[in-house]
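*Asks:* What follows is each chain in one-letter form.
Protein chains: 2
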Amino acid sequence: MSGYTVIGDWGTSNLRLFRVEEGRIVARRDGPGIGAVGRAAEAAFADTVAPWLADGTPLSITLCGMVGARDGWVEAPYADCPADAASWRAAAIGFDWRGAPIAIMAGLACTGADGIPDVMRGEETQIFGACARDPALAQGRRLIVLPGTHSKWALVQDGRVLAFRTVPTGELFALLRDRSTLGPKDAVGDAAQEAAGFAEGLARAGEGAVLAQLFAARAMRLRAGRSADWALGYLSGLLIGSEIAEARALLQADDGVTLIGDARLADRYARALAAQGLESQRLEGDACALAGLGYGGEMTL
Amino acid sequence: MSGYTVIGDWGTSNLRLFRVEEGRIVARRDGPGIGAVGRAAEAAFADTVAPWLADGTPLSITLCGMVGARDGWVEAPYADCPADAASWRAAAIGFDWRGAPIAIMAGLACTGADGIPDVMRGEETQIFGACARDPALAQGRRLIVLPGTHSKWALVQDGRVLAFRTVPTGELFALLRDRSTLGPKDAVGDAAQEAAGFAEGLARAGEGAVLAQLFAARAMRLRAGRSADWALGYLSGLLIGSEIAEARALLQADDGVTLIGDARLADRYARALAAQGLESQRLEGDACALAGLGYGGEMTL
Numbered sequence: 001m002s003g004y005t006v007i008g009d010w011g012t013s014n015l016r017l018f019r020v021e022e023g024r025i026v027a028r029r030d031g032p033g034i035g036a037v038g039r040a041a042e043a044a045f046a047d048t049v050a051p052w053l054a055d056g057t058p059l060s061i062t063l064c065g066m067v068g069a070r071d072g073w074v075e076a077p078y079a080d081c082p083a084d085a086a087s088w089r090a091a092a093i094g095f096d097w098r099g100a101p102i103a104i105m106a107g108l109a110c111t112g113a114d115g116i117p118d119v120m121r122g123e124e125t126q127i128f129g130a131c132a133r134d135p136a137l138a139q140g141r142r143l144i145v146l147p148g149t150h151s152k153w154a155l156v157q158d159g160r161v162l163a164f165r166t167v168p169t170g171e172l173f174a175l176l177r178d179r180s181t182l183g184p185k186d187a188v189g190d191a192a193q194e195a196a197g198f199a200e201g202l203a204r205a206g207e208g209a210v211l212a213q214l215f216a217a218r219a220m221r222l223r224a225g226r227s228a229d230w231a232l233g234y235l236s237g238l239l240i241g242s243e244i245a246e247a248r249a250l251l252q253a254d255d256g257v258t259l260i261g262d263a264r265l266a267d268r269y270a271r272a273l274a275a276q277g278l279e280s281q282r283l284e285g286d287a288c289a290l291a292g293l294g295y296g297g298e299m300t301l
Numbered sequence: 001m002s003g004y005t006v007i008g009d010w011g012t013s014n015l016r017l018f019r020v021e022e023g024r025i026v027a028r029r030d031g032p033g034i035g036a037v038g039r040a041a042e043a044a045f046a047d048t049v050a051p052w053l054a055d056g057t058p059l060s061i062t063l064c065g066m067v068g069a070r071d072g073w074v075e076a077p078y079a080d081c082p083a084d085a086a087s088w089r090a091a092a093i094g095f096d097w098r099g100a101p102i103a104i105m106a107g108l109a110c111t112g113a114d115g116i117p118d119v120m121r122g123e124e125t126q127i128f129g130a131c132a133r134d135p136a137l138a139q140g141r142r143l144i145v146l147p148g149t150h151s152k153w154a155l156v157q158d159g160r161v162l163a164f165r166t167v168p169t170g171e172l173f174a175l176l177r178d179r180s181t182l183g184p185k186d187a188v189g190d191a192a193q194e195a196a197g198f199a200e201g202l203a204r205a206g207e208g209a210v211l212a213q214l215f216a217a218r219a220m221r222l223r224a225g226r227s228a229d230w231a232l233g234y235l236s237g238l239l240i241g242s243e244i245a246e247a248r249a250l251l252q253a254d255d256g257v258t259l260i261g262d263a264r265l266a267d268r269y270a271r272a273l274a275a276q277g278l279e280s281q282r283l284e285g286d287a288c289a290l291a292g293l294g295y296g297g298e299m300t301l
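Going down the list, the protein sequences come from chains A and B. Using this note's numbering, you'd call the opening residue of the first sequence number 1 and step up by one each time. Using this note's numbering, you'd call the opening residue of the second sequence number 1 and step up by one each time.
Hints may contain errors.
[As the list claims (entries may be wrong)] With a straight-line cut-off of 25 Å between C-alpha atoms, the simulated SDA-like cross-links for lysine to any residue are:
1. A:185 / B:174
2. A:185 / B:148
3. B:185 / A:185
4. B:185 / A:149
Think of the hints as simulated: they come from the structure by calculation, not from any bench. Treat the numbers as computed from the prediction; the structure is a model and nothing was measured.
Could you put together the complete structure from these sequences and hints?
*Replies:* Spelled out as structure tokens, the structure:
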């Protein structure tokens, strides 16, 4: 046996480890998120990787994500923007773990033109992975968007992250849906109604009054016969559309967009971008994360 | 005894009844909100008013607020905007209750210039009460704002409500403070820090990117040494400032503002309005509600 390496993405909710031999992923193991284990991270890692250690010490271990946060295993720094893949990799923190060299990748930090600072941990690995996989991203200017609980918008030029901004759209939507008086409690999953509400929300989003248009989710039901599913779609469209309009203005970017992430959410963002006249392409999140961790092989697992 | 009348404000959270004799309030009784009693509203009202009924049947009973909602006691209509006090009063629903004529006041409904409908129940009583108390509101054009869980912005001309808009700022702030990853869990009540955060939030609000500036509540703590109290103030200032900018643009109103409501909240709004160059005056909420219910006397209770 010629030995193996371990690469992994350890976020707040999940640990995903991949075993690589001769440039190919040969096994995968999942474990608890950093949010669940906190200071007990080392023990959780040891538990998850244990069956592989029985075959011998790995040649190297590379981890990205919240594992490097202050409340993670070992705090890794933030690389400052503008940052390219080389400066980001150089900021990783390395130490020896049971005889194997381990690297915990850095996050990214930036300060916006408006003086507001921002940070990410984990998404930068997908962004640099996307640049490694797609030559078009390593040349020219593009917005890379990772939609989610805390969406990340990164302005990338020639493979360097110039600036980025976090927009907590997914968290806000979940709060409004599950815990507010605006979120309908009686949605039945009517996809056509949801789509109609989503389109209406997108249309409203361009008007720059997101707070003053939230209440319509309720008022349109009371006064205009809209359904619960329509209201859910409306809230989603209004928030996503507003996020897009705000982030583009903030990053002063009229560039095309690359979406990375979950297919269903990327589809919603692609529709929202199209409603604002923006073309977008999509990349798969896992493939980008692995490429960012230095994996150049195929996605066999 | 020359008899007595009962006037009351019955909202989602509270029932407040006032007994009026010879043009003066002589007693007050409080009871449960409509949200707590729903279809059992009549029994709750009878319980609360019982000690007065022992003195004889009231000459009249007038109630405003959510008591007239679909899930209240008896559904009262919405008067359509533009609406003046006379057309609003005419839309009340009247019936006989144990020998006394009872009137449940109407709400107000409007459709914005953008086609979005809106409704209020209870706040219209304060608005028409304000117009009754303040001659300046019955002549000329003014914005009347009732800050709160669901802030109401009404554009009033010569005592007529032309249009209004609900902005759920208070609800959104409470969700962000209590249930989001942005709301600090370790605030200690440092008023100076809170005020500094509030001022920074107000300054950011004018930039029209409220969603993209929320995350700063967390990033400024991580990267710029701001405190938990600063972050709470920032969220409050960002939301209130954004509400003001959006509502003014939406109602196309550069007019002066009259604030009705809780003194502490009105003070925050007055500061936020001043930051956008708008003067404001304040009126006390209870006095306006009673005036809207036809009470012309002094506030002795």
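*Asks:* Any hints this thing doesn't respect? Which numbers, in order?
*Replies:* 3
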